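There are 2 protein chains.
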Amino acid sequence: MKSHISLQEAIEILNNNTHSLEVEEIDLIKGINRTIATNIYSTINNPPFNKSAMDGYAIIAKDTMDANIKFKVIDKIYAGQGSRKIVTNSTAIKIMTGSPIPNGANAVIKQEDVVIDGEYIKINKIIKSNENVCAEGEDIKIGDTLVKKNKKLNYADIGIIASSGINKIKVYKNPSLAFISTGDEVLDIDDNLTYGKIYNSNKYSILGRIQELGYEVNHVEHANDNSKSIGELIKSLAKDTDLIITTGGASVGEKDLIKEAIDSAGGEKLFWKVMIKPGSAVLCSKINNTIVISLSGNPAAALTTFELLVRTTLEKISGQENIEIKREKAILLGTLNKENPQTRFLRGKTVYEDGKQYAEITQIKSGNGMLSSTIDSNCLIEVEKGSKGVEEGSLINIIKF
Amino acid sequence: MKSHISLQEAIEILNNNTHSLEVEEIDLIKGINRTIATNIYSTINNPPFNKSAMDGYAIIAKDTMDANIKFKVIDKIYAGQGSRKIVTNSTAIKIMTGSPIPNGANAVIKQEDVVIDGEYIKINKIIKSNENVCAEGEDIKIGDTLVKKNKKLNYADIGIIASSGINKIKVYKNPSLAFISTGDEVLDIDDNLTYGKIYNSNKYSILGRIQELGYEVNHVEHANDNSKSIGELIKSLAKDTDLIITTGGASVGEKDLIKEAIDSAGGEKLFWKVMIKPGSAVLCSKINNTIVISLSGNPAAALTTFELLVRTTLEKISGQENIEIKREKAILLGTLNKENPQTRFLRGKTVYEDGKQYAEITQIKSGNGMLSSTIDSNCLIEVEKGSKGVEEGSLINIIKF
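Respectively, the protein sequence lines represent chains A and B.
The opening position of the first sequence corresponds to residue 1 in UniProt numbering, with each subsequent residue numbered one higher.
The opening position of the second sequence corresponds to residue 1 in UniProt numbering, with each subsequent residue numbered one higher.
Among the hints, a few may not be true.
Identical copies go unnamed one by one, so any copy, or any two together, can satisfy a pair.
[Said to hold, decoys possible] Here are the simulated DSS-like pairs of lysine-lysine, each with C-alpha atoms no more than 27 Å apart in a straight line:
| id | residue 1 | residue 2 |
| --- | --- | --- |
| 1 | Lys141 | Lys168 |
| 2 | Lys259 | Lys228 |
| 3 | Lys400 | Lys326 |
| 4 | Lys110 | Lys269 |
| 5 | Lys110 | Lys2 |
| 6 | Lys329 | Lys349 |
| 7 | Lys149 | Lys400 |
| 8 | Lys173 | Lys30 |
| 9 | Lys125 | Lys338 |
Since the hints were made in silico from the structure, they are not lab data.
All values derive from a computational prediction rather than experimental measurement.
Using the sequences and the accompanying hints, generate a full structural model.
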């Protein structure tokens, strides 16, 4: 087992030990936040026919060159209908928005631009051919790529797939997830706080974060500090779970609970300790194809490592091609005076002004256990290893939630 | 009824005609994306006791000034436990991370920094008082504000409320929502496309978007172009629905379906037509306390007006204080040559480079019906009324999805 490795190395090891889940077919309506497993091409032209963009009259455009012409209205077309009649010189068909342009016609004159005279209309405006006509396929052509493979679907993707009349899509299966908090000192929030105990905030923040990311947790457990029983729990959950997240017991010296638990579950330890702060105490293991990511019990540490390793692993097993941390550059608001022997992550908040992306440090107190640092933050600020501090106005990396 | 009003005026009318829903108590675990109805204060100090940040030995710090001192180890404390013994000069209690500091001790020496000699330990390092001790309340003090009223809760909020052992929270009720698509030309995606018909992409993109925003739609209907039956449907849905969204029938001249439907449902029309492009054809109405927002049937128009009026109204009725469009400044990538007699919205995508926020125009084709413009977009670019175009590099307003 590798230990005390860099964040990049941790990502590579996880990348080499994970693969996307199987593909399943689902109803399009259930596709939000799922990752598509195939390219999706349009099966039709869109619009599927030349259609009227306005309420008005379908005519032959060049007839409007003659100001004295009267057009006989020979039919009426509502949306969803058609007309068997053909528009010829000096005839018009009344047409509603969205209706198919009748044969013979090549333009639509807006209702407001005509004068009605019994069965006839008069037009005192010259229009061009194709005016107020949405041409067949002008939006999307048959065969156009609508969505590319491996994309996590958003509402616009769902809408554009629907426009082609595709009601079943192939997506990667949703991972089956388990969450285990550990620690004799950890109480659930409906218990009374007794001396030496703390409340289980990790369970709530991590389950909440998983929900925000669009996943579901199938098993939620709390285990006391007994490596054998934790091991049995992990072994049993691993049978039908793709990813197990544990908190606590990862930094404990004498007890070394989680490492022993993984051994007793017959798991393979992939790496232990990543050279970042907070969150260095993380153990990643594998039991058959199930990945186990064991986070620190300290909230700030657990939530940082969750973003860096768990979120990215979740994205890969649910269909992204690679495990990848998405960094952006921002301008630092505030100053960091601390030396950073290891890569350090602080909580921050993005601020936009005059087209610039700033990151404000929201974390006043530092420390692995500091939960107050999460208040009002929406990103991690990454401070490079070896840096002696960062001045206000410097460009830094941020990782958005 | 006001008509042809500005976007700002539309927002004000909606603001004056909406209020937040009632408050209900829910389990904290169900709080993601819900808007909190009270300030939440910490009911405890966090940590709730002086706790050890390390595995090591609790001692009196100044004893380490004497290099020859041997400490007798008199007890051992695991997390979740305490010790009845008192640390005095030259004694130590073995302590695990997260355990309460025993009486008498004021620091913890790390396990790695001691040499064990039977029942004794030797320390060749001077430590300060409070070293490796997380003091009671150093993260959060009793009475500290954890979350402010009217905030939409994210995972960090849920976690920090949990840290105080609060398991029930008061939130604004989730709105009850209905979606009605209209149009004789509109087919659902499992139908076969026949001449003059189009697929109902609006249903899928709007339901998808509502899901992304964390809301649920309680009723989904499709209605044919008959104002009386649409009116009956709206009237019946309004009885137990806070917001009804309709698509189609809002721009039709001769038929004027939705306006007639609102009349026949006994509704009050608040405004019709907003001076924006696309999406000008929007009707907002009220039936008792139910808001009805009737969007155009054209996809690009419907989705633009959804972001500007429906999303913001949803946020208010589910607990935000005001209806508000959240604009940010971005630097335009690409050039706009078109004149803009009305405020215009284009689809764009944010790009971050060197601490700058750019917005790239993703929309190649323009037009109310253009669904392809939604591909890969994540924001709306707002072009001011009266502008004769926008040069590359200009600062423009964007509205992020």
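We went through each hint and held it up to the structure:
no.: 1; hint: Lys141 x Lys168; result: within (20 Å within a copy, 53 Å between copies)
no.: 2; hint: Lys259 x Lys228; result: within (11 Å within a copy, 69 Å between copies)
no.: 3; hint: Lys400 x Lys326; result: both (8 Å within a copy, 19 Å between copies)
no.: 4; hint: Lys110 x Lys269; result: between (72 Å within a copy, 25 Å between copies)
no.: 5; hint: Lys110 x Lys2; result: between (73 Å within a copy, 23 Å between copies)
no.: 6; hint: Lys329 x Lys349; result: both (13 Å within a copy, 17 Å between copies)
no.: 7; hint: Lys149 x Lys400; result: both (24 Å within a copy, 24 Å between copies)
no.: 8; hint: Lys173 x Lys30; result: both (12 Å within a copy, 24 Å between copies)
no.: 9; hint: Lys125 x Lys338; result: between (73 Å within a copy, 23 Å between copies)
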